[in-house]
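Protein chains in written order, with this note's numbering: chain A, 1 to 415; chain B, 1001 to 1415.
The hints are simulated quantities; they were obtained by calculation from the structure and are not laboratory data.
The beta carbon of each residue, even a glycine, is placed where N, CA and C say it ideally should be.
It is possible that some hints are incorrect.
As the list claims (entries may be wrong) - DEER-style ranges, computed between Cβ atoms:
1. A:E255 x B:F1103: 20 to 26 Å
2. A:P166 x B:N1107: 31 to 37 Å
3. B:Q1027 x A:K383: 49 to 55 Å
4. B:R1233 x A:A51: 26 to 32 Å
5. B:T1257 x A:K383: 32 to 38 Å
6. A:A51 x B:G1248: 52 to 58 Å
7. A:N271 x B:R1108: 35 to 41 Å
8. B:P1109 x A:Q169: 46 to 52 Å
9. A:S249 x B:G1248: 58 to 64 Å
10. B:R1233 x A:G248: 58 to 64 Å
11. B:N1206 x A:A51: 19 to 25 Å
12. B:G1248 x A:A225: 41 to 47 Å
13. A:D309 x B:R1233: 27 to 33 Å
14. A:D320 x B:N1107: 23 to 29 Å
Listed below, chain by chain, are the residues.
There are 2 protein chains.
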Amino acid sequence: MDVEIMTIGDELLYGQVVDTNSAFMGQQLGRLGLRVRQITSVSDRADELVAALDQARARVRVILMTGGLGPTKDDLTKHVLARYLGRALELHPPTLAHVEEIFRRFNRPMLDVNRQQALVPAGCQVLPNAVGTAPGMWLEDGETVFISLPGVPFEMKKLMSDEVLPRLQTKFKLAPIEHVVIMTAGLGESFLAEKIQDWEAALPANIKLAYLPSLGSVRLRLTGAPDGLPELRPRMLALLPELRARIGSYIFAEEDTPLEVVLGRLLLEKNYHLGTAESCTGGAVAQRLTSVPGCSAYFRGSIVAYDNDLKMSLLGVQADTLAAHGAVSEATVREMAEGARARLGCEVALATSGIAGPGGGTPDKPVGTTCIAVSTPAGTVSKLFVVDRGRATNIEYTSQVVLQQLWQQLKGAAE
Amino acid sequence: MDVEIMTIGDELLYGQVVDTNSAFMGQQLGRLGLRVRQITSVSDRADELVAALDQARARVRVILMTGGLGPTKDDLTKHVLARYLGRALELHPPTLAHVEEIFRRFNRPMLDVNRQQALVPAGCQVLPNAVGTAPGMWLEDGETVFISLPGVPFEMKKLMSDEVLPRLQTKFKLAPIEHVVIMTAGLGESFLAEKIQDWEAALPANIKLAYLPSLGSVRLRLTGAPDGLPELRPRMLALLPELRARIGSYIFAEEDTPLEVVLGRLLLEKNYHLGTAESCTGGAVAQRLTSVPGCSAYFRGSIVAYDNDLKMSLLGVQADTLAAHGAVSEATVREMAEGARARLGCEVALATSGIAGPGGGTPDKPVGTTCIAVSTPAGTVSKLFVVDRGRATNIEYTSQVVLQQLWQQLKGAAE
C-alpha cells in the first residue's frame, strides 16, 4: 500500500522552515508496512495544491497532508480540500467546545478566526487534536483516503500516534516491510562498501542494502520486502554474523540507535559517570548526551570554558600549558579532560578545543584545527585533526569525533 | 522562472534522514528570484525517478536534484539521468584526476567504485566538487535544465554557491522576488494576526503576508512580487512603521535573524559578558549562543550542573535552598544564575532547571515543570511554567523562553 506525504506551505519552498514532519511520518508509516512512494512539498496556492492532489491520487491510495490548517489567511488546506472533494464546510460542535476550553484555560480572548477552526468538510471524520486548536481530518473519496494534519510538529506527532496510525492499521492489513539497521562509525562509505562487497553481492533478491552516511558515521539499512515465506526478520538477522566478520570493529549498534544512547548503556554497565569540558563545541556535546532520557543516571555535568580564564579557574588548566601550546592543543585538551574528571567528580570526561571559524584562524592553526581528549581511569587519549566545513559542521563533526573516541575507549578496543 | 527541487533516496522516504538540503536550496534560489514550485522526494527506484522527472519537466524549466551520486550500489541518479536523456556515460579525466588526488592526500587506496565517480553523461557540464569525490552535473535538454548534485549537505552547499547559482544567474535574468522578514517573540500566531488585522487587509495585491510560527516565536514574512513599478523593496519597508505601531514590543528583529544573534549584538552594545547555568537544557542554551560566529567576544562559558552536587560546588547554590524548594524551583534557578555571574565572571547570566521528562515527574512537579532565571546588574528575574510536549521539545522551548527573557531584560522593556 503506497502513501504520499504532502507538506503544504510557501515557507517550505522558500526554505524558511526545514520539513522535519515528513521524516517522522515516513518512519511511522514504514513501521506499519506502508510504503511512502513520494514526499511532495507544495505552495499555499490553491491551483498548485489541487494539481498536486490530482497527481498524488493517481499514484497512491493514501494522501497524508500536513500544514495550512492554522487560523491565518495563508492557511488554505481545509478550504481547498473541501472544494476539491465537493464538500461544504460544516461546524463541528465538539471541536468548537474544545477550542473554547483551550482559550478559557489560557485565559485568552476567543477570536473569530479561532472559532473557524471548528469548521470541517462534510462527511469528514474529525481527528481530535488534544494539544492544539486545529483538528486533524480523515476523508475518504472513492478509493482514496485524504488525511490532513496541522503542521506544528508536536501536534502532528500526537495526532499520528493517537489517531492516524491506529485508523490506518484498521483499514489496511499488510505484511510489514522489515528493516534491520546497523550503525557504524569511523570508516567512510566506500571503504565499508569495499569490505562487504562479497556479502552485499550475495544478498537475497528481496533484501536491499542502503548506505546512509552522516558526519563521521554510516548507517547500513537492510530492507526486506515480504516474499511470502515465513520469518523474514530472522532470516535477515541471520545475515549479520557474516557482516560482523567483515566490519565488526566499526559497528556500535545493531539497531537504529544514536551513539549517545549506546554510550549511556556502556557507562551504566561500567558504573561510570561522565562529564564534558567544552570549548569549541560550546555545549553541543553535553546537549547531545542529555538528549537521552534518563541520562541523569550517568551524566553529571559540563563546563563550557569558552574563555581561557575559565579553562584555568574552572578546569585547572595550567597557565604555562596555555602559554606554551595555546588553547587549541593536545596538551590543553588533556588537562581540560583531566580537570573535568576532578571538578565534575566523574570517572570519565571528554574535552574539545578548536577553531570553529569562520574567524580566529592563523597560518599555524587554520580554521578547523581541533583537539579532543578522552580521559578514563585507564588513561587519557588525545587527537588533533584539521577539517573545515563551516562553523556549524565543524562543531557537529567535533562532537561526533569525541563521542566516537569515547566509545572506542569504553568498549576497550584498539584504536 | 519556476524550479523543482528533487531529493533522491529511500532514506528520505523511510524518514531515516531529514531533508535539510531543500530548505537551503530554496533560500538560495529565492534570493536569485527563482521560484521553487515544488519539492519532490523520490525513491532510489529508476522507474519512479523517471516518472517524477517526467512530471517535473511538465511543471518547471529547471530541475535541481540532490542525492544518489555516491559510490555505492543504491546510488542510481547518474545512470537513470543518462538513460532518461539518451546519453552515454563518459569518463571525465579532470574529475578522475581530482578523485585520485583526494585519495592520495588521505593516503587511502583508490577503489574501482571511486574511479566510476568520474563517469558523467555525454554533453554534460561538469560542476567540479572541490570537497568531495562526486562531481555535480548540469545538463540541458530542450527547454529544460537538469542539475544533479551530491546529497552530502556541505558538498551540495559549496557546489550551489560556487557553480549552480552563478550559472543560473547567467542563464536566466529575472526581477527578484523581495522578502521582508519580521521576527517576533512572546505572542502566538492568532493574537498577532488579530492585532494586525487591519494592516494586513490593507496590503497591496502584490504583497503577501505569511505567518511562520516556531516554538515561542513567529516570523512574519512579507513577499513582494514584481509589479513593474520601481522600488518594490522601499515600498515594502514603508509598510513597517504601521506594523511597529501595532506589535512593536514583540519585534526583536526586522530581518531574518535568530534571537541568539540579536542577543549578541545587544550584549556587545552594552559591553556585557554572558554565561549560562543549565540543568534541564543540558547545554542546549550554550550551544545555541555559541552557534553565532564571533560569540567569544561576549560569551564566556557555561556550567551544566545536571547533578545537584554540582549546583552547589560549581554554582554556589545553598544546600538549604535545594532542601527547602528542590532543584526545580525559582529559588534554585535564581541562585544558579547569580552563582554563574560570579563563577563565570560575567555581568549577565541565565539559568534553567526543569523536569524534561519523560521520567522524573511527581504529582507536585509534573513533567514539563520548568524554572528559568536571568540575572543582570539590574537584578534577577525568574519564572516558572509547566508545558510538556516531549523531552526534545521541552528542552528547545525552555531554551527559547530563557533567551526571550534575556532579550526582554536587555532591551529594558517592561515584561
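Now the hints, each set against the structure:
Taking the beta carbon of each, E255 of chain A and F1103 of chain B are about 33 Å apart, not inside 20 to 26 Å as hinted. Take P166 of chain A and N1107 of chain B: their Cβ atoms lie about 55 Å apart, and the range 31 to 37 Å is violated. For the hinted restraint 49 to 55 Å between Q1027 of chain B and K383 of chain A, the CB-CB distance of approximately 35 Å leaves it violated. The hinted window of 26 to 32 Å between R1233 of chain B and A51 of chain A holds, with their beta carbons roughly 31 Å apart.
Checking the proposed 32 to 38 Å range against T1257 of chain B and K383 of chain A shows it holds: the Cβ atoms sit about 36 Å from each other. Between A51 of chain A and G1248 of chain B the C-beta distance comes to about 40 Å, which lies outside the given range of 52 to 58 Å. For N271 of chain A and R1108 of chain B, the hinted distance range of 35 to 41 Å is satisfied, since their beta carbons lie about 39 Å from each other. The hint said 46 to 52 Å for the Cβ distance between P1109 of chain B and Q169 of chain A, and at roughly 49 Å that hint holds.
Checked against the given bound of 58 to 64 Å, the beta carbons of S249 of chain A and G1248 of chain B, roughly 60 Å apart, stay inside it. In this structure, R1233 of chain B and G248 of chain A meet the distance hint of 58 to 64 Å, their C-beta atoms being roughly 59 Å apart. Judged by the Cβ atoms, the range 19 to 25 Å given for N1206 of chain B and A51 of chain A holds: they are separated by roughly 23 Å. Between G1248 of chain B and A225 of chain A the beta carbon distance is about 58 Å. The supplied range of 41 to 47 Å is therefore violated.
For D309 of chain A paired with R1233 of chain B, a C-beta distance near 45 Å fails the hint of 27 to 33 Å. One distance hint, 23 to 29 Å for the beta-carbon pair D320 of chain A and N1107 of chain B, is violated here, with the actual separation near 35 Å.
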